[in-house]
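Protein chains in written order, with the numbering used here: chain A, 8 to 350; chain B, 8 to 350; chain C, 8 to 350.
Rather than coming from a laboratory, the hints here were simulated on the basis of the structure.
A quick note: this is a predicted structure, and the numbers were derived from the prediction, not measured.
Keep in mind that a hint or two might mislead.
Unchecked claim - Output of the computed footprint for chain A on chain C, the stretches with three or more beta carbons under 8 Å from beta carbons of chain A: (1) 26-34; (2) 40-54; (3) 64-73; (4) 77-83; (5) 115-124; (6) 215-224; (7) 245-253.
What the hints assert, rightly or not - Heads up, simulated DSSO-like pairs for lysine-lysine below, C-alpha to C-alpha not over 30 Å straight-line: (8) K334/C <-> K200/B; (9) K299/C <-> K303/A; (10) K299/C <-> K334/C; (11) K200/B <-> K175/B; (12) K299/B <-> K200/B; (13) K299/C <-> K299/B; (14) K39/B <-> K303/A; (15) K334/C <-> K337/A; (16) K200/C <-> K200/B; (17) K337/C <-> K200/C; (18) K39/B <-> K52/B; (19) K337/B <-> K200/A; (20) K175/C <-> K200/C; (21) K200/A <-> K52/B; (22) K337/C <-> K337/B; (23) K303/A <-> K200/A; (24) K303/B <-> K200/A; (25) K337/A <-> K299/A; (26) K299/C <-> K337/A.
For every residue, glycine included, the Cβ atom is placed at its ideal position computed from N, Cα and C.
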Amino acid sequence: MDISLADIAGLLGGRVLGDAQVRIRQIATLDKAQAQHISFLTNSKYRAQLAGTQAGAVILGCADAEATTLPRIISDNPYAYFARVSALLNPLPEVTPGIHASASIGSGALIDETASIAANVVIGENACIGAHSVIGAGCVIGANTVVGKNALLYPGVVIYHDCVIGDKLIAHAGVVIGSDGFGFANEAGQWIKIPQIGRVVIGNDVEIGANTTIDRGALDDTVISDGVKLDNQIQVAHNVKIGAHTAIAGCTGIAGSTSIGSYCRIGGSAGILGHLHIADNVEISSFTLIGKSIRKSGSYSGVFPFSSNEEWRRNAVHLRHLDDLAKRIKELELQVNALSNTE
Amino acid sequence: MDISLADIAGLLGGRVLGDAQVRIRQIATLDKAQAQHISFLTNSKYRAQLAGTQAGAVILGCADAEATTLPRIISDNPYAYFARVSALLNPLPEVTPGIHASASIGSGALIDETASIAANVVIGENACIGAHSVIGAGCVIGANTVVGKNALLYPGVVIYHDCVIGDKLIAHAGVVIGSDGFGFANEAGQWIKIPQIGRVVIGNDVEIGANTTIDRGALDDTVISDGVKLDNQIQVAHNVKIGAHTAIAGCTGIAGSTSIGSYCRIGGSAGILGHLHIADNVEISSFTLIGKSIRKSGSYSGVFPFSSNEEWRRNAVHLRHLDDLAKRIKELELQVNALSNTE
Amino acid sequence: MDISLADIAGLLGGRVLGDAQVRIRQIATLDKAQAQHISFLTNSKYRAQLAGTQAGAVILGCADAEATTLPRIISDNPYAYFARVSALLNPLPEVTPGIHASASIGSGALIDETASIAANVVIGENACIGAHSVIGAGCVIGANTVVGKNALLYPGVVIYHDCVIGDKLIAHAGVVIGSDGFGFANEAGQWIKIPQIGRVVIGNDVEIGANTTIDRGALDDTVISDGVKLDNQIQVAHNVKIGAHTAIAGCTGIAGSTSIGSYCRIGGSAGILGHLHIADNVEISSFTLIGKSIRKSGSYSGVFPFSSNEEWRRNAVHLRHLDDLAKRIKELELQVNALSNTE
């Protein structure tokens with residue numbers, strides 16, 4: 008693939024400055040780029056690299072339009088533009104439609120003829136796979152589950168029975184969708200399993216990272232809305248609802264029946280307890296446990312700051328006596344007040 | 008399936024009040040239930056919904072026996088009763104005994120003729136699969152491993168060689184049992200692998216959530232006792248022992264050689280360091296790290312409370328100076344004491 | 008297998024004291040060992056067990072050479088010696104070279120004739136598998152990926168396309184290597200996927216625990232150096248670099264573009280934010296979030312100490328008012344100072 012700046016701008020918009028006929032094969036960072044590469048400046052931290060870059064062209068924001076004489080494309084949102092150029096230069100590999108001879112297809116399953124079903128895939132009875140969907144090697148799709156159009160399931164994804172998946176799902180290797188929620192009733196110390204008869208319902212344009220797990224609902228459904236992006240190794244418990252265009256970083260756990268708003272950004276290794284409501288546009292820091300509902304958009308944190316072991320040990324010991332310290336301050340205030348009045 | 012209240016009570020006990028001939032097809036929450044549903048009140052938070060429910064019948068505790076005129080079953084433990092009714096109304100799908108043509112069975116393996124071995128399963132030499140066990144698509148069972156009766160392994164479970172699994176195991180997709188523990192000896196900065204020659208031994212009635220991992224012992228065994236319930240994405244390191252009927256929520260990690268008592272409840276994303284002993288009936292909050300043995304039953308927590316970013320930043324900065332603050336309080340006390348004595 | 012102390016020392020070095028002809032079949036802990044076992048003392052905590060052990064022989068450090076009259080091998084590093092003896096007594100099971108009939112091998116793939124490819128393995132076009140490598144059941148190796156010599160992939164490992172893996176990789180079940188990093192550009196609230204066109208490059212002698220995930224780079228590569236040991240359920244984000252011989256315990260997450268030095272030891276359920284640099288020889292405690300670069304070798308912690316629920320609640324409430332407490336101390340100091348001067 009080899010495309011001119013003019014053709015890129017023709018397809019993706021943006022304003023070309025300098026030689027619009029320069030031809031581009033690939034995208035690269037400012038310090039690695041060579042003549043056949045287009046690069047980009049989206050973080051002012053890297054501005055110094057612009058002067059020395061060997062890139063054939065660059066993508067810049069409006070404010071940086073004259074920061075170089077290299078051939079360049081100016082965009083209101085250079086990071087989004089970079090994403091689109093990269094997608095243009097790096098199309099997904101072509102897949103051949105059809106069903107591999109080693110796949111097992113249950114009776115009544117409907118597989119669109121443009122879909123691609125790889126080796127060792129197992130598809131349950133009455134499941135549906137939509138047009139142009141790619142089901143990677145060894146994936147298992149349960150009975151009655153519907154996968155929409157243009158899905159891309161990498162190898163080893165398991166979707167249990169009766170789930171409903173929208174269009175353009177990307178699910179990475181090891182993703183599990185529709186496993187039983189963790190529901191048990193206690194009777195004299197022993198646990199009685201509560202059948203998990205809800206579903207997982209996933210909207211369009213969702214991406215799910217490797218080894219992330221999404222449990223089916225206990226009675227109602229677990230719901231992942233349009234445009235949600237989940238990183239690797241996230242755990243979504245039963246009956247959770249995640250609002251549209253929310254992004255969650257790796258290793259985060261969300262407990263049962265919690266609903267998260269739209270346009271939220273949740274950091275890695277965070278946690279949200281069960282039965283809570285998180286408003287739209289909430290940002291949660293990595294490593295923060297949310298233990299109460301958040302009604303107001305904004306940024307929230309709760310992280311213990313690290314230090315050297317010795318410093319940490321010296322300080323942390325007082326955490327078990329904070330209440331005592333607070334009382335001693337109160338007492339001192341009373342005493343000092345009394346002393347001041349005496350004078 | 009369609010069953011009368013009288014027949015439910017005949018099978019499961021409980022006292023029927025109102026029309027015992029009302030017929031039920033499914034279970035649902037108070038706000039979603041319709042005439043063909045039985046619902047339940049197990050959390051006083053939802054009592055207000057009882058008045059408006061469209062349910063055909065409800066399950067209630069003794070104290071609520073007269074809180075509605077709907078047909079109802081009264082139980083000492085309405086939540087456990089709900090679990091049993093749901094199991095009655097939602098039996099597992101029937102599976103056909105036999106071995107799928109695409110499965111690979113090692114020499115000497117003993118597979119009970121009532122067991123069901125799905126597509127692409129691989130069973131190692133001399134492994135045993137007990138009566139009525141269901142081994143889902145693509146599962147791999149190592150050589151010499153014994154799986155008891157009535158096991159239900161969802162697709163993609165891997166059990167390594169030489170493990171011993173009791174009856175009625177439920178293992179969800181992506182579970183790994185018997186992987187090597189993380190054992191290395193350091194020699195001049197480099198790591199020498201310590202062979203992990205113990206096993207994983209699992210009792211009866213254990214459920215293991217999706218993508219949970221349980222390492223085999225280094226020399227002795229890793230042991231999961233009867234009735235233990237593990238949620239998704241839990242990591243159980245080598246030589247851990249988990250006592251009977253303990254339940255652990257998702258994303259929790261338990262380090263090597265720790266033993267956990269019976270009837271414990273451990274929250275999500277918790278951690279327990281290695282070589283510790285946790286007593287019976289201990290409750291550990293989500294997001295809490297247990298760094299010392301717990302000898303006494305009770306509830307334990309260690310979570311940093313979250314707040315808005317600004318508030319968190321303003322407060323957290325003092326954590327690096329707590330020892331200094333404590334010393335200043337001590338100094339103030341001495342000074343104030345001196346001043347008081349002067350007067 | 009049955010070998011004399013003299014023969015062990017002939018192969019592995021060390022000094023034999025007592026009967027060098029005693030024959031050993033297996034290794035065991037001091038309290039479990041019988042006459043056919045060799046045991047070891049590597050932790051002074053277990054010294055009392057030495058007197059009562061039934062072991063046929065023991066491995067001891069130089070300082071303990073005369074602590075028993077049992078046949079014994081004396082080593083400078085008895086723990087490393089134990090690891091080597093165990094490896095000697097517990098060789099990996101023999102595997103038969105060749106490609107299982109159910110494996111799917113892409114065109115142009117080069118599989119060394121001494122490699123073993125198990126049932127249901129799928130190998131992509133132009134991939135290479137080196138000599139004596141063992142690819143377990145159901146593994147999927149992407150197009151153009153190179154796996155070196157003597158690799159041991161347990162069942163269900165997925166390596167995406169274009170990755171480069173050195174010699175002697177051990178990857179446990181459910182490992183995912185080369186999945187897309189979590190990279191999106193935001194445009195008016197919606198996420199545009201950034202193609203992840205880098206690779207994962209892994210050195211020699213690396214071990215990766217069950218269900219650990221390593222994402223491919225966005226533009227450049229994710230790099231795991233020689234001798235790195237990763238436990239289970241670790242998440243390594245795109246463009247992370249991990250230096251040689253660093254060991255990381257289970258459930259830890261490392262965010263994008265962070266580089267970790269050599270010889271580091273990172274505890275379980277730790278976290279490291281993105282775009283940071285961690286020096287060589289850094290030790291990070293379990294459950295600690297590293298939010299800033301660490302330029303100096305040493306040990307670092309940031310854990311909230313647990314206590315009983317009541318005690319925790321009583322103390323934790325003040326964390327939201329630490330800044331206020333600090334100000335009140337400052338104020339008291341001013342007042343006390345004023346009072347002292349008055350006198």
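Among all the numbered hints in the text so far, which are the ones the structure does not match?
-> Of the numbered hints, 1, 2, 3, 4, 5, 7, 8, 11, 16, 17, 19, 20, 23, 26 do not hold.
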